[in-house]
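Listed here are the chains, written in short residue letters.
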Amino acid sequence: MCLFLIVIPATFLALGLLIKPILAQLKGDVISNFNSALIWYFAADLCLRVVIQRLPTMPVNSLLPLPFSRREIATSFILRSSINLFNLVPLLVVIPFVTQVVFQIHGVNASINYLLAVVGWILVNSHTAVLIQLLQKKRFIYIVIPGLLFLGLYLLELFNSRVTIMSQGIGFEMLQGNIFVILLPVLLLISILYRIYSLLLKELYVDLNTLHRPWWFALKIAGLDEFTFSGEIKRNLWLEVNLLLRNKRPRQVLSMAIYYLIYFVIILNDDSISQTFALCTFVVFISFLPGLYGQFLFSWESTFFDGIFSRPGALTSHVLAKYYLMCLMLIVSGLPFFVILSITHKIDPWLYLSMTAFTAGVTFFLILFVGTNNDGRIDLSRGHMLNSQGVKASQSIVAAIFIMLPIGLYMFFTHFVSALAGYLSVGIPGVISFALHRYLVERVVVPRFQRLKYTNLTGYRTMNI
Amino acid sequence: MYFMIVIKNLEKWYRNSLALEVEDLVIEQNEFLGIVGNNGAGKTTLLRLLLDLIKADKGVVTSDNIPVSSSTAWKSYTSSYIDEQFLIDFLTPEEFFHFTGNAYGFSSNIIDEKLKKYEVFFNDEILGKRKKYIRDFSRGNKQKIGICSALLVEPKVLILDEPFNGLDPSSQAILNQLLIRENAQRGTCIILSSHDLDQVTQVCKKIAIIEKGKLVRTIVNSDQALSELKSYFSVGKILEDES
Chain A
23 MCLFLIVIPA TFLALGLLIK PILAQLKGDV ISNFNSALIW YFAADLCLRV
73 VIQRLPTMPV NSLLPLPFSR REIATSFILR SSINLFNLVP LLVVIPFVTQ
123 VVFQIHGVNA SINYLLAVVG WILVNSHTAV LIQLLQKKRF IYIVIPGLLF
173 LGLYLLELFN SRVTIMSQGI GFEMLQGNIF VILLPVLLLI SILYRIYSLL
223 LKELYVDLNT LHRPWWFALK IAGLDEFTFS GEIKRNLWLE VNLLLRNKRP
273 RQVLSMAIYY LIYFVIILND DSISQTFALC TFVVFISFLP GLYGQFLFSW
323 ESTFFDGIFS RPGALTSHVL AKYYLMCLML IVSGLPFFVI LSITHKIDPW
373 LYLSMTAFTA GVTFFLILFV GTNNDGRIDL SRGHMLNSQG VKASQSIVAA
423 IFIMLPIGLY MFFTHFVSAL AGYLSVGIPG VISFALHRYL VERVVVPRFQ
473 RLKYTNLTGY RTMNI
Chain B
132 MYFMIVIKNL EKWYRNSLAL EVEDLVIEQN EFLGIVGNNG AGKTTLLRLL
182 LDLIKADKGV VTSDNIPVSS STAWKSYTSS YIDEQFLIDF LTPEEFFHFT
232 GNAYGFSSNI IDEKLKKYEV FFNDEILGKR KKYIRDFSRG NKQKIGICSA
282 LLVEPKVLIL DEPFNGLDPS SQAILNQLLI RENAQRGTCI ILSSHDLDQV
332 TQVCKKIAII EKGKLVRTIV NSDQALSELK SYFSVGKILE DES
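Protein sequences appear in the order of chains A and B. Residues in the first sequence are numbered consecutively from 23, following the numbering used here. Residues in the second sequence are numbered consecutively from 132, following the numbering used here.
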């Protein structure tokens with residue numbers, strides 16, 4: 023954590039001090055170049071904040087039993103949430119930029135106008151993130167709003183709607199002291215603060231940070247197997263979905279994945295990246311969400327596995343439920359982006375299909391198999407950021423192998439045989455493994471889990487922070 | 132006489148220290164066995180071994196002639212509550228009861244019907260609390276949820292670790308009645324551990340004393356059992372010394 027607090031500000035400060043020579047190397051004038059990034063920065067900043075920025079709920083919980091009114095506590099919450107690292111670090115870039123560039127070219131008034139407007143937008147972003155974090159406790163879906171906003175801007179830019187040019191224009195108006203551009207963040211900030219304040223007054227209880235289920239999602243997922251899954255798999259799948267949606271750590275993992283997926287789509291749409299890099303990104307992209315979930319199998323249940331293990335119910339159904347959930351994640355996370363990438367002609371549909379088959383058949387089976395070695399306890403109520411509980415170095419190595427395996431196969435056959443052989447080299451093993459998934463789980467994964475059960479169960483009971 | 136649980140030459144070591152050594156212990160089909168002992172005596176270790184949650188270094192435990200470590204068939208008629216590790220705390224109590232009940236083959240309607248029997252035990256604090264997850268309940272109420280989830284699946288063997296801990300006096304009395312009724316009416320073989328000598332002598336038919344990992348004595352519950360236990364654990368002597 024200390025490293026995080028030092029490294030991030032130091033990096034931003036270095037960027038701030040070197041911003042003038044860096045921007046001078048690009049085409050156009052320095053101020054226009056800086057301004058063209060404004061909208062993109064604030065959109066990306068909001069995406070990051072809703073995932074990483076921490077709500078000051080701990081101090082609130084400790085204040086609630088004390089003789090303070092709810093209004094005082096709500097005000098304290100808002101003030102505390104204004105002071106965070108995310109509000110400081112952009113200033114480490116903006117202040118050097120204003121002093122080195124804006125002040126020298128446009129003078130003191132323009133510098134003050136510019137700085138005030140930027141600070142206003144930083145505060146808008148900060149409190150919008152707080153509001154979204156509060157709202158997503160009720161409905162998880164709120165967490166995707168910043169992501170959709172970013173994606174929307176990106177698609178607008180992609181179809182020549184000049185978001186970057188608009189960003190330059192806004193920056194220019196800020197320099198000119200356009201009253202509307204300076205007042206807009208102030209008005210937005212007031213309305214957001216009012217919404218936070220009224221929400222807090224209504225909901226300020228000790229269980230402020232208690233998660234409330236998006237029950238509809240769980241029901242929908244559970245309902246999916248009415249036609250195909252047996253009762254046991256259905257029950258386990260339902261439990262797994264609730265585990266992911268109702269606990270802090272898996273929710274943060276899911277939120278992170280959503281933003282990474284958007285980031286991958288942007289990378290894949292970049293014409294300047296090499297083909298090999300694009301292929302690597304693509305393989306990571308399609309298996310990212312199930313991979314993030316899969317790396318902690320079977321530790322997710324560590325805090326209640328004694329109960330699971332001492333009750334009846336085949337371990338096979340338990341493992342199969344996880345397998346089907348990963349398949350579901352593969353489809354849900356991959357398909358919308360596949361559509362976008364297909365529209366922009368940045369993806370080969372055959373490559374998508376063959377890599378998806380490999381991931382569903384081979385990679386998922388390997389994840390389940392390797393997961394039997396995970397004997398670390400995971401406290402579901404702790405956040406995922408900077409939390410190494412349940413994480414082993416071997417998981418990273420294994421993840422790298424899972425990525426390299428299909429890439430290696432595909433590249434080898436494409437290079438030495440043909441493009442078709444490349445597709446088939448990953449597609450065929452994938453389809454075969456997928457067809458045999460039940461057999462592989464029953465005969466390979468479950469027996470291995472049974473062999474390691476005492477070690478794993480002991481590990482799950484051991485508090486390791 | 133049919134022995135439901137048979138333990139032979141059971142040993143469990145943690146590193147170099149002996150945690151439990153039980154040469155021979157048999158538990159009858161309709162038995163109500165209380166296991167008493169001081170902290171660290173090995174009570175929970177014994178219960179975990181009965182449930183195959185830890186590996187025995189030596190010996191065997193069979194349940195209805197099924198070795199617990201090599202088969203899972205015994206799980207269909209055995210239910211248990213050892214600690215909070217048995218609760219799925221991100222579920223509501225209703226969801227948890229249904230999840231557990233379904234695992235034992237009971238439909239949700241039957242589980243709802245069975246839950247009515249525990250309304251007095253729940254004291255209006257467990258059911259119908261909309262969207263309140265188990266993790267948000269008090270320790271005593273979590274204990275009630277865990278015990279009830281084990282009771283409502285109508286097991287042949289019921290294993291409970293310190294079931295009276297964290298319960299208020301009324302709930303302890305109700306639990307006493309529930310357990311006695313379960314054993315008497317359904318013939319459930321109940322094995323529970325406790326520090327509370329009064330409670331154990333009120334409900335159990337037989338009491339096993341464990342000390343420093345060894346089964347020291349098994350006594351049949353009688354009018355003298357409580358004083359015998361108190362004298363064994365020197366409760367009277369300590370009080371006399373203090374006065």
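To be clear, the hints were calculated from the coordinates, so they are not data collected in a lab. This one's a predicted model, so the numbers in the text were calculated from it and none came from an experiment. Some clues are possibly wrong.
[Unchecked claim] The list that follows gives simulated cross-link-like pairs (lysine-lysine, DSS-like), each with its CA atoms no further than 30 Å apart:
1) Lys361(B) - Lys160(A)
2) Lys336(B) - Lys159(A)
3) Lys248(B) - Lys287(B)
4) Lys263(B) - Lys270(A)
5) Lys139(B) - Lys475(A)
6) Lys260(B) - Lys270(A)
7) Lys336(B) - Lys361(B)
8) Lys475(A) - Lys189(B)
9) Lys475(A) - Lys287(B)
10) Lys139(B) - Lys159(A)
11) Lys475(A) - Lys248(B)
12) Lys248(B) - Lys337(B)
13) Lys260(B) - Lys224(A)
14) Lys361(B) - Lys343(B)
Give me the numbers of the hints this structure contradicts, sorted from smallest to largest.
The structure conflicts with hints 1, 2, 10 and 11, although it agrees with all the remaining ones.
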